Structure formats: structure tokens, C-alpha cells
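K.L.:
Please arrange chain B on chain A, whose structure you already have, making use of the hints.
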Amino acid sequence: QQQVRQSPQSLTVWEGGTTVLTCSYEDSTFNYFPWYQQFPGEGPALLISILSVSDKKEDGRFTTFFNKREKKLSLHIIDSQPGDSATYFCAADNVGDNSKLIWGLGTSLVVNP
Amino acid sequence: GPKVLQIPSHQIIDMGQMVTLNCDPVSNHLYFYWYKQILGQQMEFLVNFYNGKVMEKSKLFKDQFSVERPDGSYFTLKIQPTALEDSAVYFCASSLGGARTEVFFGKGTRLTVV
Chain A
1 QQQVRQSPQS LTVWEGGTTV LTCSYEDSTF NYFPWYQQFP GEGPALLISI LSVSDKKEDG
61 RFTTFFNKRE KKLSLHIIDS QPGDSATYFC AADNVGDNSK LIWGLGTSLV VNP
Chain B
1 GPKVLQIPSH QIIDMGQMVT LNCDPVSNHL YFYWYKQILG QQMEFLVNFY NGKVMEKSKL
61 FKDQFSVERP DGSYFTLKIQ PTALEDSAVY FCASSLGGAR TEVFFGKGTR LTVV
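Protein sequence lines, in the order shown, are assigned to chains A and B.
Just so we're aligned: 106 in the working numbering is position 106 of the first sequence, and the numbers increase by one with no gaps anywhere.
Just so we're aligned: 51 in the working numbering is position 51 of the second sequence, and the numbers increase by one with no gaps anywhere.
Excised from the complex, chain A in its bound form (with noise of 0.2 Å):
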């Protein structure tokens, strides 16, 4: 069973557009989650991340909010780029001492010009 549903699986979108990923889980436990970002041939970078205590964190154009009633979260990118285009991943990790990434299968985003 899935633990990290991500949706959806692949979106394409214009330059300047407003991108929209989606993220839910399963496990009460988690309190931290962080959005990371891949290139092809490179590993996931953290874009951005969210503690379970806050609702929202912003970054440039890069905005991550937190439903913890509902279990879900997004990451919204505003005024999305060509260079955006990559894959992107929500990842949860649990209260324990030492971390353990449960990861979504992510979202491939294009971002056309």
C-alpha cells in the first residue's frame, strides 16, 4: 500500500503558467515534508520543505501548504519557467530520531514556452 499518493503523474504547462502538485499520505506519524526536485542524470534536490505545525512556506516562486486534517498536501509554482521542468517528488519522513524518506512516484512537469 501506498503511503504517499502523488498526483498527477505527468502535467504540462505554458511559461508564466501557475503549476499545481498534489500530495497525500496515510500516516498520522508524519510531521515533516519535504518537495524535492530531479533532473535527468542528477538526484533529487530539496526545493522546499514543510513542518506538520505550519499550513504554508513560501519560497520565491515556489509555495508548499499543509492540510494536516485532511493529509494533504501541494506545492504550487507561480510564473513556471522551461528551466522548471523536471520531476518532482514529495517525500514524508516520520517523528523518529533518524530520518527514512517515504517517497510519492512523483509528478513529470514540462513547461512549455
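There could be a bad hint or two in this list.
Claimed, not checked - Here are the computed distance ranges between Cβ atoms for each label pair:
id, chain 1, residue 1, chain 2, residue 2, range
1, B, M18, A, S10, 34 to 44 Å
2, B, E68, A, I78, 44 to 54 Å
3, B, K62, A, S108, 26 to 36 Å
4, B, V114, A, G83, 35 to 45 Å
5, B, L96, A, D27, 20 to 30 Å
6, A, L46, B, I12, 22 to 32 Å
7, A, E42, B, L96, 13 to 23 Å
8, B, V54, A, E42, 21 to 31 Å
9, A, S108, B, T112, 18 to 28 Å
10, B, V114, A, V53, 42 to 52 Å
Unchecked claim - SDA-like mimics (lysine to any residue), calculated; alpha carbons at most 25 Å apart, straight line:
id, chain 1, residue 1, chain 2, residue 2
11, B, K53, A, Y32
12, B, K57, A, Q3
13, B, K3, B, D71
14, B, K107, A, Q37
15, B, K59, A, S24
16, B, K62, A, Q3
17, B, K59, A, G96
18, B, K107, A, S10
Derived by calculation from the structure, the hints in this document are not laboratory data.
Being a predicted model, the structure only gives us computed values, none of them experimental.
Backbone N, C-alpha and C define an ideal beta-carbon position, used for all residues, glycine too.
P.N.:
Coordinates of chain B only, in the frame set by chain A:
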């Protein structure tokens, strides 16, 4: 930014042979990880490692798997013997702190078992 280096980038090995995947983590990091990604499937946690010990491992971390980081050297994942289902991309990662801190990933080693 900080880099995690993985060597080699691609390895082809005969089933039943031993393979060692090498990782050079970020220099001041204390926590080390291996993740496995099969093409088209999600990234899966294998193991985390701190202070010279395995702290936690998943059910994917079979008895044939082992990790170590002798002082000042690579963090390694050894598979002995390899099986066909071990074919995947293996990502090494490291972090300065434990849970809820930024984890830095390498580019991965694509392992093909034939």
C-alpha cells in the same frame, strides 16, 4: 551546494557476483543513507547509518546487503550475492542532522544485474 559523489555511475554485474557501490558523502555530514529506485517506481528507503552503525533498515535491505563507512573513507553498499531483482538505481544520501533535516543526494549508481 554540498555534493554527494557516487562511484561508479553505472555498473553491470553477473548474477551471483558481489558488487560494492561507493559513496563520498558531504564532508561534515554525520548521517548516511541508501535509497533504491526501480525504473518507473518510487524511491524506496533502504537503510540509514549513524555513528558507525545501522540505525534503521527496511524490508528491502536483505541479508545479502551490508553497509559500512571505515573512518574517513567511502560509505559503501555491498550486495553479495547479487540477484536479478537488485537491478535498480541506488542513491546515496547524507545529512548533517537526523530526521527533519535536509538530505543531500548523489546522482545515483545504475546497477544492472544480468
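K.L.:
Please go over all the hints and tell whether each is borne out by the structure.
P.N.:
Here is how each hint holds up against the structure:
Distance hint check: the CB atoms of M18 of chain B and S10 of chain A are about 38 Å apart, consistent with the given range 34 to 44 Å. For the hinted restraint 44 to 54 Å between E68 of chain B and I78 of chain A, the CB-CB distance of approximately 45 Å keeps it satisfied. The given range of 26 to 36 Å is respected by K62 of chain B and S108 of chain A, whose C-beta atoms sit roughly 30 Å from each other. In this structure the hint that V114 of chain B and G83 of chain A lie 35 to 45 Å apart at CB holds, the actual value being about 37 Å.
Judged by the Cβ atoms, the range 20 to 30 Å given for L96 of chain B and D27 of chain A holds: they are separated by roughly 25 Å. Hint check: L46 of chain A to I12 of chain B, Cβ distance near 31 Å, so the stated range 22 to 32 Å holds. With their beta carbons about 21 Å apart, E42 of chain A and L96 of chain B fall inside the hinted range of 13 to 23 Å. Between V54 of chain B and E42 of chain A, the C-beta spacing of about 27 Å keeps the proposed range 21 to 31 Å intact.
Evaluation of the 18 to 28 Å hint for S108 of chain A and T112 of chain B yields a pass: the beta carbon distance comes to about 23 Å. Range check, V114 of chain B to V53 of chain A: about 49 Å between beta-carbon atoms, so the 42 to 52 Å window is met. Distance hint between K53 of chain B and Y32 of chain A is fulfilled; the C-alpha atoms sit about 24 Å from each other, no more than 25 Å. For the hint pairing K57 of chain B with Q3 of chain A, the CA-to-CA distance comes to about 17 Å; that is within 25 Å, so the pair holds.
At most 25 Å may separate the alpha-carbon atoms for a hinted pair to count; K3 of chain B and D71 of chain B meet this at roughly 19 Å. In summary, the hint linking K107 of chain B to Q37 of chain A is supported, as the alpha carbons are separated by about 12 Å, within the 25 Å threshold. With a CA separation close to 23 Å, the supplied pair K59 of chain B and S24 of chain A stays within the 25 Å bound. Of the supplied pair hints, the one linking K62 of chain B and Q3 of chain A holds, its CA atoms being roughly 21 Å apart against a limit of 25 Å.
Between the alpha carbons of K59 of chain B and G96 of chain A the distance comes to roughly 18 Å, so the proposed pair stays at or under 25 Å and holds. The suggested pairing of K107 of chain B with S10 of chain A holds, with an alpha-carbon distance near 22 Å, which does not exceed 25 Å.
Consistency with the previously given hints is maintained throughout, with no hint failing.
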